[in-house]
Structures are given as structure tokens and as C-alpha cells.
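This is what each chain is made of:
There are 2 protein chains.
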Amino acid sequence: MSINNHMDKLFYPRSIAIIEAASKREWQVLGIKNLNYQGNLYLVSKNEEEIAGIKCYQDISDLPDKIDHAIIVVKRDRLRETILQCIEKKFYTLHIFTAGGAEFDEEGIKIEREIYEIIKKSDMRVIGPNCMGIYSPEGKISYGPEFSKKVGKVSFVSQSGDLTTQYILRSNYNGVFFSKVASIGNSIDLTISDFINYFNADEKTEIIGVYFEGFPRFQEKEGLKFWNALKNVKKPLLLLRGGISHQGKRAAVSHTGTLAANDRIWDAIYKQTRALRVETFEELVDSTLAFNLCQNLYPKVKSIVLITWSGGKAVIATDQLVRLGIDVPEIAPSTQEKMKKLISIGSVKNPLDLPWIVRREKFPEICKLAIKEDYIGGSIMEAGTWRNHDERFFKYFENILKIYEISKQLKKPFLISLPPSQFYQNREKFKKMLIEKNIPVFLNIKRAAKAFLNLFEYQRKLRLF
Amino acid sequence: MSINNHMDKLFYPRSIAIIEAASKREWQVLGIKNLNYQGNLYLVSKNEEEIAGIKCYQDISDLPDKIDHAIIVVKRDRLRETILQCIEKKFYTLHIFTAGGAEFDEEGIKIEREIYEIIKKSDMRVIGPNCMGIYSPEGKISYGPEFSKKVGKVSFVSQSGDLTTQYILRSNYNGVFFSKVASIGNSIDLTISDFINYFNADEKTEIIGVYFEGFPRFQEKEGLKFWNALKNVKKPLLLLRGGISHQGKRAAVSHTGTLAANDRIWDAIYKQTRALRVETFEELVDSTLAFNLCQNLYPKVKSIVLITWSGGKAVIATDQLVRLGIDVPEIAPSTQEKMKKLISIGSVKNPLDLPWIVRREKFPEICKLAIKEDYIGGSIMEAGTWRNHDERFFKYFENILKIYEISKQLKKPFLISLPPSQFYQNREKFKKMLIEKNIPVFLNIKRAAKAFLNLFEYQRKLRLF
Chain A
7 MSINNHMDKL FYPRSIAIIE AASKREWQVL GIKNLNYQGN LYLVSKNEEE IAGIKCYQDI
67 SDLPDKIDHA IIVVKRDRLR ETILQCIEKK FYTLHIFTAG GAEFDEEGIK IEREIYEIIK
127 KSDMRVIGPN CMGIYSPEGK ISYGPEFSKK VGKVSFVSQS GDLTTQYILR SNYNGVFFSK
187 VASIGNSIDL TISDFINYFN ADEKTEIIGV YFEGFPRFQE KEGLKFWNAL KNVKKPLLLL
247 RGGISHQGKR AAVSHTGTLA ANDRIWDAIY KQTRALRVET FEELVDSTLA FNLCQNLYPK
307 VKSIVLITWS GGKAVIATDQ LVRLGIDVPE IAPSTQEKMK KLISIGSVKN PLDLPWIVRR
367 EKFPEICKLA IKEDYIGGSI MEAGTWRNHD ERFFKYFENI LKIYEISKQL KKPFLISLPP
427 SQFYQNREKF KKMLIEKNIP VFLNIKRAAK AFLNLFEYQR KLRLF
Chain B
7 MSINNHMDKL FYPRSIAIIE AASKREWQVL GIKNLNYQGN LYLVSKNEEE IAGIKCYQDI
67 SDLPDKIDHA IIVVKRDRLR ETILQCIEKK FYTLHIFTAG GAEFDEEGIK IEREIYEIIK
127 KSDMRVIGPN CMGIYSPEGK ISYGPEFSKK VGKVSFVSQS GDLTTQYILR SNYNGVFFSK
187 VASIGNSIDL TISDFINYFN ADEKTEIIGV YFEGFPRFQE KEGLKFWNAL KNVKKPLLLL
247 RGGISHQGKR AAVSHTGTLA ANDRIWDAIY KQTRALRVET FEELVDSTLA FNLCQNLYPK
307 VKSIVLITWS GGKAVIATDQ LVRLGIDVPE IAPSTQEKMK KLISIGSVKN PLDLPWIVRR
367 EKFPEICKLA IKEDYIGGSI MEAGTWRNHD ERFFKYFENI LKIYEISKQL KKPFLISLPP
427 SQFYQNREKF KKMLIEKNIP VFLNIKRAAK AFLNLFEYQR KLRLF
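Here the protein sequences line up with chains A and B, keeping their order. The opening position of the first sequence corresponds to residue 7 in our numbering, with each subsequent residue numbered one higher. The opening position of the second sequence corresponds to residue 7 in our numbering, with each subsequent residue numbered one higher.
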């Protein structure tokens with residue numbers, strides 16, 4: 007059976023088994039139940055009769071053969087025998103949840119080597135050990151009961167379970183939904199590159215995210231496979247890498263027991279493939295949001311119009327943008343003349359500092375004059391949270407929508423910075439209203455700027471390869 | 007009269023006049039009324055009889071002489087005559103709110119020069135033009151009706167009004183309160199260094215914040231004065247500077263019309279004085295919070311214990327910390343042995359990745375073993391927002407308090423990163439609970455780390471000068 011068939015069984019399983027299920031890990035069952043899973047869900051438990059309303063089987067041997075996806079949660083000293091049982095029952099795919107492998111001690115390395123050899127000889131494909139597994143809202147399987155039922159266009163593969171959980175929750179909270187997610191931990195069988203290849207071919211996936219910590223211990227060819235996978239990718243691929251520093255590498259070995267890559271290869275990867283360099287968790291969350299909402303709004307020039315609410319913050323933000331390599335060019339004098347005809351006070355050079363007129367009809371008009379200039383790649387606007395969502399606020403909101411529509415017609419991204427506020431409930435509402443209108447929102451101008459850079463970088467790559 | 011007497015009159019005025027007051031700027035009156043101002047508040051308006059319940063005078067000549075503080079809001083072409091009237095009435099201090107000075111055009115520069123010459127010859131001291139003025143909760147004067155009535159220990163002087171407003175609101179929201187704040191805009195008379203000197207001598211001020219954009223146009227000696235003021239400062243001084251890049255300078259000239267300083271002097275300032283380099287608005291907010299809560303908890307070593315909730319985020323955060331120059335050293339093997347006796351799984355090397363035991367009694371014990379090591383300067387813990395504030399949550403919260411108490415006894419800072427969460431209301435509550443217990447909270451590990459660096463840097467400076 008091809009790897010793609012196995013992948014299909016991971017993300018769209020018609021039958022699932024959890025070995026051993028336990029009430030104290032009821033969430034594993036609920037993750038699947040809550041998504042209204044329609045296939046057969048089998049639980050195996052020696053100690054419990056029923057979990058979350060589902061009857062338990064005593065032993066794997068009581069299960070039917072050829073189960074699509076089995077989740078193994080036994081202690082590490084029972085891994086070998088359990089895996090052998092699964093092979094005998096011709097299960098298609100396995101998720102080894104069990105931790106205590108190569109990330110923990112010498113004994114763990116030994117166990118991993120043993121099960122690696124067993125799996126290699128079988129037809130079964132495996133994710134893990136030491137991982138959370140699969141979230142596929144379309145396939146109605148989820149390892150977390152809190153994840154959204156909504157199907158989206160982002161797919162993600164990761165070597166950290168909890169990072170994956172936080173990424174899904176933060177993205178859901180940002181109105182971003184997923185097609186397929188795999189937390190694969192120590193990845194002794196299926197590797198990150200296997201998932202990249204699958205996501206690249208998958209029509210439902212439009213944006214790929216990767217959290218990489220190191221190459222698996224027993225797969226010597228994964229380096230080259232990874233490189234080739236990235237070379238072939240034709241979609242935006244956000245690549246967050248952990249374990250870069252010496253001390254970070256130590257943390258990575260304790261975490262997934264994988265071996266970190268040679269540092270030099272990474273510059274080549276980011277230079278010669280569509281992989282985009284993401285340096286922090288926050289940037290991963292932000293850029294996912296940006297790509298989710300700004301498809302086909304990629305900036306052609308690395309320069310922006312900055313629209314602010316505060317002269318001082320405009321000055322600091324300009325410094326920050328320039329430091330990041332983004333230009334904040336002075337608007338052409340002839341255009342400034344046109345803009346000045348519409349106002350009596352405020353600066354229109356860029357940044358546009360026009361807090362007095364944000365509710366007036368001429369506000370989007372003035373912004374348009376600057377945004378449509380051909381040396382401008384897009385715009386970032388710092389918005390404010392209002393104490394009251396009254397008529398005045400809604401006029402302001404409408405103006406923002408107008409600037410978005412103008413930007414969209416010009417095929418330029420329009421990003422909003424909405425800083426924290428003591429009126430946090432209104433901030434939440436406002437943020438939601440903006441995202442529902444497809445306008446991405448960030449916590450500050452710098453974070454919006456980092457997302458802008460990734461959008462720019464992707465359109466540059468689009469032209470190159 | 008000495009400059010300190012004038013400063014006292016700015017921050018503790020016994021009489022205030024607003025010239026011209028207007029209902030559309032009622033907030034200017036309310037800012038003072040809401041703080042229960044006890045002195046005499048005079049409003050001057052040619053058009054209105056009463057504003058916010060206070061009777062208006064027709065003209066400055068109707069006011070008593072020797073008013074402590076007058077706020078001037080007339081159009082720029084009436085500035086000259088109004089200031090002359092104020093001098094005639096022997097007013098002590100003036101706040102020129104009026105914009106349209108050197109920041110706007112050539113005519114504005116001309117007007118500023120004229121009024122500068124007039125003021126120079128008078129006994130009156132002036133802040134502005136183009137600024138928001140004074141907030142002094144103890145003196146019961148405030149330019150913003152939303153600012154807290156609570157008196158705190160931070161004083162701030164700034165060349166941006168709206169940045170100041172946002173800084174006050176964000177700090178209040180963080181549980182940080184102010185002693186004295188002055189937004190002084192184009193600063194043609196009283197300058198940033200005058201305020202630094204005053205705050206340095208002021209017993210009520212324990213932390214100083216400065217937003218600097220450029221030296222005033224008409225005061226040639228301000229550079230040297232600024233340098234001397236900083237040399238003399240004996241308190242933590244957070245210095246945020248705008249207008250560093252070429253394009254940022256352009257924005258600064260449009261904003262306050264001041265002249266940017268030679269770049270080279272800044273390295274010397276940060277190296278040879280107690281001024282701490284703050285590069286972003288967010289860092290200013292964060293470091294103010296850290297200094298407000300961590301007085302006398304300054305790290306002696308630039309290295310931390312990182313306590314996390316997620317292996318993957320621990321790896322990325324370690325990379326970030328190392329990039330910032332913070333060490334995340336492996337805990338000594340003998341100490342690790344002691345720690346391992348308390349757990350069966352998880353990493354104790356540093357980062358400590360122990361999500362399973364955060365509610366157990368041994369959690370603070372394990373942390374203590376690492377934090378008390380003499381090569382450790384302090385700790386950063388990534389906390390999570392809980393879906394329910396139930397008994398389990400409160401056990402977790404108690405453990406955090408224990409780690410804080412342990413850190414405090416060891417005189418080491420303990421900083422919390424609490425990322426955004428879909429349970430944002432619980433996040434708000436949790437944040438407030440932590441800050442009330444004097445534990446500073448940041449949006450992510452990197453921002454906590456930047457605050458840690460400033461705390462470290464300050465204790466280093468403490469030993470040097």
C-alpha cells in the first residue's frame with residue numbers, strides 16, 4: 007500500500023482503536039466523540055468496562071482485523087508486544103502516544119531501536135512515539151476535545167505535542183481553521199518530510215506549517231528527503247525550527263530525542279525553497295493568520311504606508327520597520343499635495359498621523375491616495391480599542407472596511423495592529439469583527455510587520471521557483 | 007523663583023486656568039474634576055457660559071493674578087497675545103496645548119521662535135507647545151479623565167502626548183501607577199532634562215521613564231544638560247528613543263519638530279549612565295512593570311531557569327533567550343539528581359518541562375532546587391490560562407505563589423509569561439491575581455526576557471556608578 011493510502015487512513019480513518027483507554031485520559035475519547043466521528047471507535051482496557059459511554063474490549067485480540075488507526079498508550083515496557091499484536095491484526099496505521107523513548111534515557115533509545123526494526127519490516131505505518139497524534143476535522147478525528155469542528159485550509163506537522171495544541175487553539179481563536187494536523191514526536195517511522203509531501207499534494211491544504219526540532223535517530227536519509235520535500239513544495243510553508251542554539255539543542259534532545267541538523271543547511275533551505283523562516287511561536291501564529299487571510303494579496307514591494315493613531319508610536323514604529331528592512335518611504339510630493347487638500351492638520355508624509363479624521367469620509371480617501379502609489383507594497387494601520395461600541399465607533403469601523411476594500415482592489419495587504427487595552431472585552435469583539443471581514447489583526451506593529459515580510463518573501467519566491 | 011518651585015506648581019497646582027475651554031474638549035475639564043481637584047479651577051471662554059458645571063470667565067483679564075498653572079488651547083495665531091496676557095497676570099506656569107508649531111510648517115517655526123523669545127525673558131515656565139500636559143494624581147491634576155486616581159512611584163516625561171496616554175492606560179491596566187507625568191511636546195522652554203533632574207530629586211519618584219524624540223530647536227545647551235541629567239540619575243531610568251532611523255527622523259520632525267541627536271552619543275549614554283535602553287513601546291510598558299514589582303530583586307547573573315508547560319515552546323524559548331544573550335545553563339548534575347528523586351518523568355536539565363506536576367506540592371520544591379543555584383539569576387515561567395478557575399486551578403496558583411516567595415527570599419526575580427488565550431476573561435483574572443501578588447506578567451517569554459535583561463543591566467550599573 008502506498009504511503010498516500012496510509013496517510014489517508016491517518017486523516018480519514020473509518021475505524022479507530024485506543025489501546026489502553028482510561029477514564030483519566032477520557033479526553034482522548036472525547037476528542038473523537040466531540041467531532042461526531044462516524045466510523046467505528048474501539049476502546050481496549052483491562053480495567054474499565056466503559057469510558058465516555060463506549061464499551062471497552064479486554065484485549066487487542068478481541069478487536070476486528072485491519073483497523074485503520076490505532077492509538078497506543080501503554081507503558082514503554084509493553085510497547086514491543088503491543089506493536090507486534092497490532093501487526094498481527096493487520097492494523098494500517100499506529101499512533102504511539104507513549105513517552106519515555108530516546109528523549110528520556112539510554113533504555114528509551116534501546117526500546118525505540120527495537121520497535122523501529124519491527125515496524126520497518128511491517129506494512130504498518132507509525133507516528134510517534136512521544137506525541138499527541140492526529141487532528142483532522144474533516145476526518146472527524148481529534149486528539150483535543152477543544153479543537154474546532156470547522157474545516158480550514160492550513161495543515162501542520164510538528165515534533166511537539168503541546169506546541170501543536172497551543173498553535174491550534176491560538177489559531178482557532180484567530181479564526182483560522184485546519185485541514186490536517188499531525189503531532190509526530192520522535193518520528194521513528196513517518197517523518198516530517200512524509201507529511202510535507204502529502205500536504206503539498208493534498209488539494210484541501212493551501213498553507214503548510216512545520217515545527218521541526220531534529221532529524222530522527224534511525225533514518226539516515228531523512229536529511230535529503232526533507233530537502234527534496236521542501237524543494238517540491240508549491241504552497242506557502244511556514245517553517246519554525248527549535249534547537250538552534252547550543253542550549254536549545256540540549257533542550258531539543260531532552261524533548262524529542264532527535265538529532266539536530268547542521269546549521270549551515272538552513273540558510274540554503276530558506277534561500278532555495280518556498281520554506282519561510284519563522285523564528286518564534288508568535289510569528290508562526292501571526293503568519294498563519296496573514297497567509298490565511300491575504301492569499302493573492304502578496305506585496306510586490308518591501309515598503310509600507312503606516313497609518314497611526316499616535317505621533318510618538320508612529321516614530322518608534324518607523325524605526326522598527328526600518329530595522330526589519332521594511333521601507334517607510336515619504337509619499338511623493340505631488341500626492342502629498344492632493345492629500346493635504348483634504349486636511350488642515352496632521353502629517354501625510356508617511357506615517358500618516360491623522361487621528362482626528364478617522365471617522366470622516368475623507369479618511370479612506372486620503373489613505374487610498376498613499377496606498378495606491380506603486381512604490382508602496384501594502385499598509386499597516388494601528389487601530390485603537392474603543393470604550394463604547396457606539397455610532398462613532400461604527401463609523402470608524404466602516405472606514406477601516408473601506409480601506410480594506412481599496413487595498414484588496416489594489417491587491418495589496420492591509421494589516422491591523424490592535425494593542426492590548428483595559429477595555430479588553432471590546433478589544434476581543436473588535437478583533438473578531440475585523441477577522442470576520444478578512445482583515446488580519448496583530449498585537450503590535452512589529453508583529454504585523456513580520457507577517458508582512460513573510461507575505462513579501464513568499465511572492466518573491468513565487469517568481470523565482 | 008527656582009525651577010523646582012515651578013515644577014511643584016506644575017504637579018501640585020493650587021489654581022488652574024484653562025484658556026479657552028470648550029464643551030467639545032470637556033475631557034480637559036473632567037480630567038481635573040474627576041481627580042477631585044481641591045484648588046481653584048478657572049475656565050475662560052468667549053462663547054460658553056458653563057462647561058462641565060463650571061462657570062466660564064470671558065477673558066484672561068477677569069482671572070485673579072498669579073495662577074499656578076494655565077492651560078492654553080487657543081489657535082496658533084493667538085498664541086503670542088495670550089502668552090503676553092499670562093505674563094502680565096504673573097501666572098507661574100503654562101501648558102501650551104496648541105499644535106501647528108515647528109512640527110507643521112515654516113510659519114509654525116516662526117511662531118515658536120517668537121514665543122520662545124517672549125517666554126525666555128519672563129519668570130513664567132512653560133511646557134509645550136503641541137502636547138497633552140500634566141498628570142499628577144497626588145496633585146489631583148490629569149489631562150485624561152480615564153487615568154487612575156491611585157498614586158504610584160513611576161514618573162514619566164515624554165515628547166508624545168498620545169504615546170503618553172497609551173503608556174499610562176496600559177500601565178494602569180498592568181496595576182502600575184504614577185507619581186508625575188508630563189507630556190511636553192516640542193519643549194521650547196522646560197525640557198526633558200529639567201524633568202529628569204526634578205524626578206531624580208523627588209522622593210516620591212522611584213522609577214523614571216522617558217520618551218525622547220529630539221533636542222528642542224532653540225536650546226543649544228540642551229544636549230549637555232541632558233547628558234549631565236542622566237549622569238546624575240540614581241534611579242532606574244527607562245529611556246525610549248524615537249527617530250533613530252533616517253525615516254524615523256523624518257517622522258519625528260513631522261511630529262514634534264525637534265532636531266534629532268547625533269547617533270553616536272547614545273551608546274555613551276547607555277554605557278555611562280543609569281539610563282536603560284528601551285527599543286519599543288512594548289518594552290517600555292513591560293520594563294516599567296518589572297521595575298515596579300521587582301525592586302531589590304535584581305539578577306546578579308545573566309542566566310535563568312526556564313519553567314515551561316510545553317517541550318516545544320521550551321526549545322524555541324531557549325533559542326530566543328540565547329539570542330538575547332541570556333544563558334539557560336544546564337543545572338548541575340548533583341542538583342539534577344536531587345530533582346529527579348522527586349519525579350518519574352519530564353526534564354530537569356533546564357528548561358524544566360514538568361507540566362504533569364504543576365499542582366503537586368513537590369513542584370515548587372523542584373523549582374527551588376534549580377532557582378537557588380548561584381549561577382542562576384532568576385526564573386521565567388510560562389503559565390497557562392485555565393478553562394475553569396476551580397480547585398485544581400487554585401492549587402496551581404498557590405504553587406506559583408510559593409515559587410514567588412522562594413524567589414523573593416533568594417532575591418531573584420520571578421517573571422511570568424501568560425500568552426493570549428481563547429479563555430480571555432480567565433486570562434485577565436489570572437493576570438490580575440498574579441500582579442496583585444507582585445508577580446509581573448508578560449505576553450510571551452521573549453518579552454519577559456527583555457524585562458529581565460533590563461533588571462540585570464540596572465544591577466550591573468548599580469555596582470559601577
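Mixed in with the good hints there might be a few duds.
Each pair may be met inside one copy or between any two copies, as identical chains are not told apart.
To be verified - Derived EDC-like pairs (lysine to aspartate or glutamate); straight-line CA-CA distance at most 16 Å:
hint: 1; residue 1: Lys-452; residue 2: Glu-285
hint: 2; residue 1: Lys-374; residue 2: Glu-212
hint: 3; residue 1: Lys-452; residue 2: Glu-289
hint: 4; residue 1: Lys-355; residue 2: Asp-111
hint: 5; residue 1: Lys-306; residue 2: Glu-289
hint: 6; residue 1: Lys-81; residue 2: Glu-94
hint: 7; residue 1: Lys-306; residue 2: Glu-55
hint: 8; residue 1: Lys-15; residue 2: Glu-285
hint: 9; residue 1: Lys-306; residue 2: Glu-371
hint: 10; residue 1: Lys-346; residue 2: Asp-111
hint: 11; residue 1: Lys-467; residue 2: Asp-111
hint: 12; residue 1: Lys-401; residue 2: Glu-87
hint: 13; residue 1: Lys-443; residue 2: Glu-371
hint: 14; residue 1: Lys-346; residue 2: Asp-68
hint: 15; residue 1: Lys-344; residue 2: Glu-56
hint: 16; residue 1: Lys-346; residue 2: Glu-55
Simulated from the structure, these hints should not be mistaken for laboratory data. Here the structure is a predicted model, which means the values were calculated and not measured.
**OP:** Output the numbers, in ascending order, of every earlier hint that fails for this structure.
**Re:** As far as the earlier hints go, 2, 5, 6, 7, 8, 9, 11, 12, 13, 14, 15 and 16 are violated by this structure, in ascending order.
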